[in-house]
Amino acid sequence: MTDVSIQTGVLVRANPAVELEDRKFFQIALYGDKLRLIRIVDGSSSTVETEVKNYSKDTYYNLKVIVNKENIKIYFENELMIERDYPDNKITSGSIALSSFGDYTYFDDIVVTTP
Numbered sequence: 000m001t002d003v004s005i006q007t008g009v010l011v012r013a014n015p016a017v018e019l020e021d022r023k024f025f026q027i028a029l030y031g032d033k034l035r036l037i038r039i040v041d042g043s044s045s046t047v048e049t050e051v052k053n054y055s056k057d058t059y060y061n062l063k064v065i066v067n068k069e070n071i072k073i074y075f076e077n078e079l080m081i082e083r084d085y086p087d088n089k090i091t092s093g094s095i096a097l098s099s100f101g102d103y104t105y106f107d108d109i110v111v112t113t114p
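Oh and the sequence shown: position 28 is 27 in numbering that gives the first Met the number 0, straight run, nothing missing.
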């Protein structure tokens with residue numbers, strides 16, 4: 000069983016703010032045996048998740064995130080796992096950030112491109 004108290008991932012289009020209700024970003028996270036897409040806008044969140052089979056600690060994995068206008072695609076080990084459209088498109092730009100909670104996480108070969 001995978002430890003669900005451990006979460007690791009990446010934030011895209013991150014717009015940090017002092018006040019929680021002003022923060023906007025997408026978080027792509029591995030949490031237990033789930034791959035999650037979490038959208039934070041104006042202090043509220045929505046989550047889409049899918050099961051990741053054969054996921055284990057102490058193993059490197061390939062995670063690819065493509066954000067194009069209102070569409071976001073998440074690939075795990077080169078397999079499209081989540082695709083979602085956000086027609087209201089409230090998160091149009093921002094930075095990336097890496098996240099880890101509950102354990103050590105190693106990130107390698109990070110590439111950011113723009114169209």
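Be aware that a few hints might be false.
As the list claims (entries may be wrong) - The list that follows gives simulated cross-link-like pairs (lysine to aspartate or glutamate, DMTMM-like), each with its CA atoms no further than 25 Å apart: (1) Lys-23 with Glu-48; (2) Lys-52 with Asp-41; (3) Lys-52 with Asp-107; (4) Lys-33 with Glu-76.
Stated by the list, open to error - Taking CB as the label site, the calculated pair distances span: (5) Lys-89 with Thr-112: 29 to 37 Å; (6) Leu-97 with Ala-16: 17 to 25 Å; (7) Asp-84 with Ser-55: 15 to 23 Å; (8) Asp-57 with Pro-86: 37 to 45 Å; (9) Glu-50 with Ala-16: 16 to 24 Å; (10) Val-111 with Leu-79: 33 to 41 Å; (11) Leu-97 with Glu-76: 16 to 24 Å; (12) Tyr-105 with Glu-20: 18 to 26 Å; (13) Pro-15 with Asn-53: 17 to 25 Å.
Note that these hints are calculated values from the structure, not bench results.
This structure is a prediction, so every number in the text was calculated from the model and none was measured.
Even glycine gets a Cβ: it sits at the ideal position worked out from N, Cα and C.
Outcome of the hint check:
Note on Lys-23 and Glu-48: the hinted pairing holds, with a Cα-Cα distance of about 19 Å set against a maximum of 25 Å. For the given pair, Lys-52 sits about 33 Å from Asp-41 by alpha-carbon distance, which is inconsistent with the 25 Å threshold. Proximity of Lys-52 to Asp-107 is assessed by CA-CA distance (about 22 Å); at most 25 Å being required, the pair is judged to hold. Proposed proximity of Lys-33 and Glu-76 is supported: the alpha carbons are some 14 Å apart, at most 25 Å.
Distance hint for Lys-89 and Thr-112: a CB-CB separation of about 23 Å, inconsistent with the stated range 29 to 37 Å. For Leu-97 and Ala-16, the hinted distance range of 17 to 25 Å is satisfied, since their beta carbons lie about 19 Å from each other. Between Asp-84 and Ser-55 the Cβ separation comes to about 32 Å, which falls outside the hinted range of 15 to 23 Å. Remark: the range hint 37 to 45 Å for Asp-57 to Pro-86 is upheld by a beta-carbon distance near 40 Å.
At roughly 33 Å, the beta carbons of Glu-50 and Ala-16 sit outside the given window of 16 to 24 Å. The beta-carbon spacing between Val-111 and Leu-79, approximately 20 Å, falls outside the hinted interval of 33 to 41 Å. Here the CB-CB span from Leu-97 to Glu-76 is close to 19 Å, well matched to the stated 16 to 24 Å. Checked against the hint of 18 to 26 Å, the C-beta distance between Tyr-105 and Glu-20 comes to roughly 33 Å, which is inconsistent with it.
Distance hint check: the CB atoms of Pro-15 and Asn-53 are about 34 Å apart, inconsistent with the given range 17 to 25 Å.
Consistency note: the structure conflicts with the earlier hints numbered 2, 5, 7, 9, 10, 12 and 13.
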